[in-house]
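Chemist: One-letter residues, chain by chain:
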Amino acid sequence: MRTVTTARSRYGMVIDLDRCTGCGSCTVACSVENNIPPGTENVTERTGITWMRVYEADDGKSFPDTHSVFVPIMCQQCGNETPCMSVCPQNAVEVDPATGIVGQIPERCLGCRYCMAACPYHARYFNWWDPKWPAGMEAAMNPDVAPRMRGVVEKCNFCQSRLHTARERAASTGRTAIDPADYVPACVEACPQRAITFGDLDDSDSFVAALAAGDRAFRFLSRIGTEPKVWYLSSREWVRNLSDRVVARTRKENVRG
Amino acid sequence: MDERFIPRGVQRAPFWRFMAWIIPWFGVLLWGLYGASLCLYEGLNQTNMDNRFAFGLWIYLDLTVIAFGAGAFFTGFLLYIMKRRELQPVINTAVVLGLICYSSAIMVLMVDVGQPLRAWFTFWHPNTHSMLTEVTFCLTCYIVVLIIEYAPLVLKNRQFRNIPRFLVFEFELHKLMPVFAAIGAFLSFFHQGSLGGLYGVLRGRPFAFREELGIWPTTFFLFVLSAMAAGPSFVLVITRLVERLSAKRLVRQNVFATLGKISGMLLTIYLGLKSVDTLVWINGTSPSAGFPAFEYYQRASFGTWILFAEIVPFGLVPALMLLNAKVRNHTPLLVTAALLVLAGVTLNRFVLTIQTLSLPTLTFDPFLTYVPSWQEVATFAAVIAYGVLLYSISFRYLPLFPQEREIARIER
Amino acid sequence: MQVTRRGLLKFAGASAAGILFSPLPWKLLDDIAIWTQTGPWIPKVPRGPLTTAFSTCALCPGGCAVEARCAGGIPYAMRAAVRHTAGRGALCPVGMTGHHLAYHPLRLSGASVIRRTSDQVETDSLSTQEAFDRILGALNTRPLATGVAVIDQRPGRTLSGQFRAFLAQQSPGYYIVPDDDRLRMHEAFSNACGKDGLSLGFDIERTATLLTIGTPVFDGWTRPARTAALLDRRHDARNPLKLIHADPRRTRTSVLADQWLPIAPGSETALVLGLTNIVMRDHPSLAARYVADLHTSDRRGMLDVLSLFTPGIVAKRTGIPVDTLEKVGSALAHRKPSMVIAGGDAAGPIDRDTHQAVAALNILLGSYGTPGGLLHRDELPMPATKMAAISTIGDVPDGSISLLIIDGEEMTCSTCWESIESKLSPDGHLVVSTSPFLTQLSAHADIVLPSPAPYETAAEVVGDPTDTVVSLSISTPLLPRKQGSVEPIELLNHLSGESVAMQELLKQRIALVHARGRGMIAGYQDGSGHRLSEFASADEIWSAFIEGAVWTSPPLHETPAHSYTLLGHSPNIVDRWAARAEGEPNGNGADGQVILLPTASSDAASCGRISPLMTKIYQESEVRPTRAHLVLHPDTGRRCGVDDGDQAVVQTESGSRHVTIRFSASLMPGVAQLSIGPDPNVSGKKSEFAGSDVFRNTLSRSPMAGVTAIVRRA
Amino acid sequence: MLPWVYEFRWEPTHIIFLGVFFSVLTLILITLARAGARTVRDIRSHLDDNISWTLAFEELASSSRVCRHELNGDIQHRTCTNEFDCRSCEAHRAFLVSGRSASAAVIQRSPTSSGMFGLHVPLDRYYHRGHTWVKPEADGTITVGLDDLGRRMVGKIEAVELPGPGERVTANGHGWTIISNKGRARLRSPIDGNVIAAGSESEEWFLRVAPVEGGPDMSHLLRGPEVKPWVMRELERLQFALSPDGGSPALADGGVPVRSMPDAIPMKDWEGVWEEMFLQA
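Chains as they are written, first to last, in this note's numbering: chain A, 1 to 257; chain E, 1001 to 1412; chain F, 2001 to 2714; chain X, 3001 to 3281.
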């Protein structure tokens, strides 16, 4: 039975692209936190597992007029018609109504990868290999997160184990709601440039809600109507135009021949 | 050597020649099984699929063979439900082809998924909103139906017929065949449609996403129709191929013509609806999702030619050919038209699976390419070899073509 | 009621059937899924009480404050100590995984003898005592007129002082530090100011106009917290920072700078002198103040050489339009405070003459000794007395070293083996490396003594060399020290016959700092700040350090030295500068010819070993290029006959490398970028130590000049 | 999937979906079970012979299903639709009623040796389409045997498996089995009756039966003028059975069938020929 919590939240994230230097700390912190194993010898950017991944996007112009921006992309936590959840044949993807977090249940995943085809953000990753750590390095695994097995899909879940910990802490101190300071995903904590803000979008007092409502805020592929809960900020217009293809200029290097 | 197992009254190649035909295919099958077992044992890292190309050759293969396998349900439907008796001569071969296509699709799916041992979870924790659940349920039921439909054929083998219990069971089962044909038609309708819906519901892939009609995206109906158009053509092409390989006439020309006519009519309806659907998609669905449709075709390898090819040379041309009685009575032209139909459906499935995944969604995504690994190709080849073997064995030992004896007699 | 056997059977049968209609068997069936999750091949997560420990990251001199989350006393995750107030609170990805290095697959388990064949490195184990004895033997029986040398890749530590003290007793003893940009910059300023032993820091937090010449300020040049401060300055409402980055390469700094000056390879001197020319021409007051008053030994020569660098000539040489140059010059002169920083890239130092020109321009701009400019640093005192002089490898005569000790190699490898090789005595030599892993240099050594991995021992962190304040802290041990590891001081003790404990030496140094009585000690745990004078003794400070704390000096604001000369004291500098007015031809891709430029992330990962998890940002995403990716402009690529994704070979006079072509329209045509940084792709593989490579012998040249290379399809 | 499984949802879509799935599954299983149950029922009520005959008839090419009234010239073309069972054939009755049908012919009493294509086909008996004959004996019993073409097809008989006295045989049902060195030839009984005596290979007949109550119904058996055209067509059919593709081995055209075909024609699958010619399913 699912416990129904009265205090509902809608957790979301705002990433300031004007502050991201593409250092990769978020990616690494995420992997450390969630016991994502190091890549195998022949891993590539297309077979690896990076729940939080930094892309480099540009304005499509050529040298020397080109401008670039680093874009960290993780599960965008779609709030409407969540594509991955609706396509999973065996309910291995769930949207927690209490938090709005889209969660993956690896023990139930068949590995059909339909959700990966469904996700427009490429935020879902498949375990192509058995999880392996160099000898002895298991000692440096996060005790709070179970490693996944080969053949299942996984993705960002806003560090769900940290939410559990925060809830336990709240329960042990007799509070009904968690302290926002207790629940911060690893990437948010790790970002050396403080580019990522996290919080409850429904809480009008939260910083994250204010940022998401600002002029600089936009979401990727907003027109497909999936209502992601991850927002991006930029004061550069061309960066905001990256949100949807219809407003972005055609990128020349994508078009070959 | 094996004469006692060959149906009476038909001539089959000498055993050694049959073996010479079987053994290379068996070798291919073994190679493919080795590739597939590598994928199962070592994991899917043996394939060239990746997180971005989460589906590859196998899903494409599945969608295509299942479309081809539609001949089984549709012929059964026409014969048993619509009482089109003229299709009786090809019902057996249609059933065998259907069984081959569906069983191979299921086998490949079992290699394709990461945790095949959990396949039953779909039944246990079904998400009824997922097209894949619908596909899984229908495929499972339908493979049972196909096996039941195939069983009487097996029991028709001379050695089984000598056993009264088998004989009577085959007789009784055959009498109930319309029930199975009806169930099969019902199930096939849904899973052919759901396979289309599989991509049509992908909101995040505007290249494949389609508006809903009722509760299904339009590709649901287009898939049903295109599969129904392809099924008879596949039966036609394979039967003709077997005729050529065995140097025998197996069915009468009028059967071919009927299959061609059915294929042509359905293809025409399909094309009409597909064109409307494409126009709605280009002008409405895709732009409103933020994707200018012309952009999909800006990649050199996947230009507008692919859309044109699907609709004109592999759609309109065979449709017009098949609707023409003269063409239908001219076997080489008829077979050419049927091959074009199959090519069109193959291309359509390719576009929906491979092109959908290679096209970028985010503005800074690259256009991707994918080349299957040898393990994937081997598994693919194993499916073909399995099909050839099962069909060859069925053709040799089971009375697939009821008209064969008669035609042979008349021709003398 | 009569109980019959039949009744019993019926009951049992019915019960079995009935159970099927209860959740029990189905729930059990469901749990099968858990078994696949907990198979023996799935690693088990550690168990134990969860605790938090504080330490300092010792992977680079940045010395970031870290908070380690531990299970059963073993750290499993690192994060920046956020409550720390001394401007830190940020970690780079390498620092975040520093605790993984102890599990590195190339970790050496004991003293090893290295056997090196043409493409392979093999190790034979050796007892520590044997290794010590062989080293002592080499010291004692060395040929006459050959010396002992220590290459200290991380100078400034207490251990460095011990090395220097040891070498002072040898004849000759060479104490060799990396010939890097920091050293060259200090040299150039010392030249210009006529004052030796300068130590300068960059006050980037207050700069308004910052011109960086190849300096990767957004890519690990300084510790992440200062990079964040730089970003904050860009959004400063009153006087925002304008960052102009000159670099032929497209780097993360090129991308993030307000303005990128994609100068032609090798034209950085021309750019600096051209800007100097513009500033002097347009701002006679500056010129008057610094040049007209004859603060140069050769005013005529200076003006002559500057006349060779007119905006037109420089625009041609650098490829930067005249009006852009004028605007940059104007910004430097007007948007004060301004500063020019050159070099600092992990791909190698830029040449001395450019540094001399940069020093001149900085002096001209008045950024020397000004807030927002270059400030003097007050270096930490050393407990050792009578220390050998600091030299670079170039200062050592050829064939003069018979015992060489290389230390600190695991963190950085800014000295390349080729420059060392010729210095070794042809009559026999022994090369010893102290490193926890097999690295680029230790793979060339004869004996490797495995030093403890990060967090296995109390290591001294002397603070960010780019900072204007000096700091000191201790990387508190968090992991048990691996059996068989040897602290370098143990080797030194063995050689010098003394027995000093590292901890005692560190305390001696802390006592010296304490004696100066300046600065603050900040704790990581609570962010508390305490004046140094509140601590009664070095022991108390030591305790605070072990619990996670840092000492920082107060900033120094010294007035500029009075006597300086823009040309410095380098002989013939004017002629060498003049030679740079004319450029070498750029690679245009014809016949596959390109100018190959080395790139590297400049954080702690610049060259040392990195966590196995770093595949996430090297291989599994495109954040950092791997050594196997050659990045080219599509036009250049096509002229070379290669396409995006092709396998290709890039060849220079010193070697060749197999690469995958990656196109980027943002790159300068005619150049190709290739990473020289660490790469989990090759880490630990034979190819890592392969005999030749494309950049061999070129690291001592400016990385921005590049080398000529041929690219062809493999 | 089931209400007690975690994740079961009481949503309409869920219920409809699973309802349809279970219905289809149930329907498949029920239909399959029905086929099974009918099989058991058929076997229990000994309908297997009938079914076998039905299937054997269906197996025949339509050109081989010639009606006896075409054979005897009553009509130009007619294909049998009643499994060669004239006893229940309305059309046959109509022909008889018309009074001009040759099927009404009475067999000759004398054992006229009638040479037909080199075969011995006496017209003093009735012929079954499965190459067995029925001859009413003077004592009121009936002998049942294999016709000359059948004997030549079987060749040298090594053994026979005959029903014992007292056993019942039914028309079109299993009669007896002949074993030769080429295999087993199963023969259909031409007539209903109770076996009185079993013959042997040396005798002309294999079974002597007592007719069932109400006298022997032999209206489905061929006689008189029907026999020759039938034999001719059977020779044709044999020719085809021996060489489906028209190649060797074949009977010499117009020649006389040899006495023992299996010896003369070294063909492996004689059982197949017998099954074909003796109308086995």
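If you're looking for bench data, these hints aren't it; they were derived computationally from the structure. Since the structure is predicted, the reported quantities are computational estimates derived from the model, not experimental observations. C-beta: ideal position from N, C-alpha, C; glycine also. Don't take each hint at face value.
[Said to hold, decoys possible] BS3-like mimics (lysine-lysine), calculated; alpha carbons at most 25 Å apart, straight line:
#1 X:Lys3135 with X:Lys3268
#2 A:Lys132 with F:Lys2336
#3 F:Lys2327 with A:Lys61
#4 A:Lys61 with F:Lys2242
#5 F:Lys2482 with A:Lys132
#6 E:Lys1248 with X:Lys3268
[To be verified] The following label-pair restraints were derived from C-beta to C-beta distances:
#7 E:Ser1288 with F:Gly2039: 33 to 41 Å
#8 E:Ala1013 with F:Ala2714: 44 to 52 Å
#9 E:Trp1021 with X:Ala3105: 52 to 60 Å
#10 E:Ile1147 with F:Pro2023: 42 to 50 Å
Chemist: Can you name, in rising order, the numbers of the hints this structure does not satisfy?
Modeler: Structure breaks hints 1, 2, 7 and 10.
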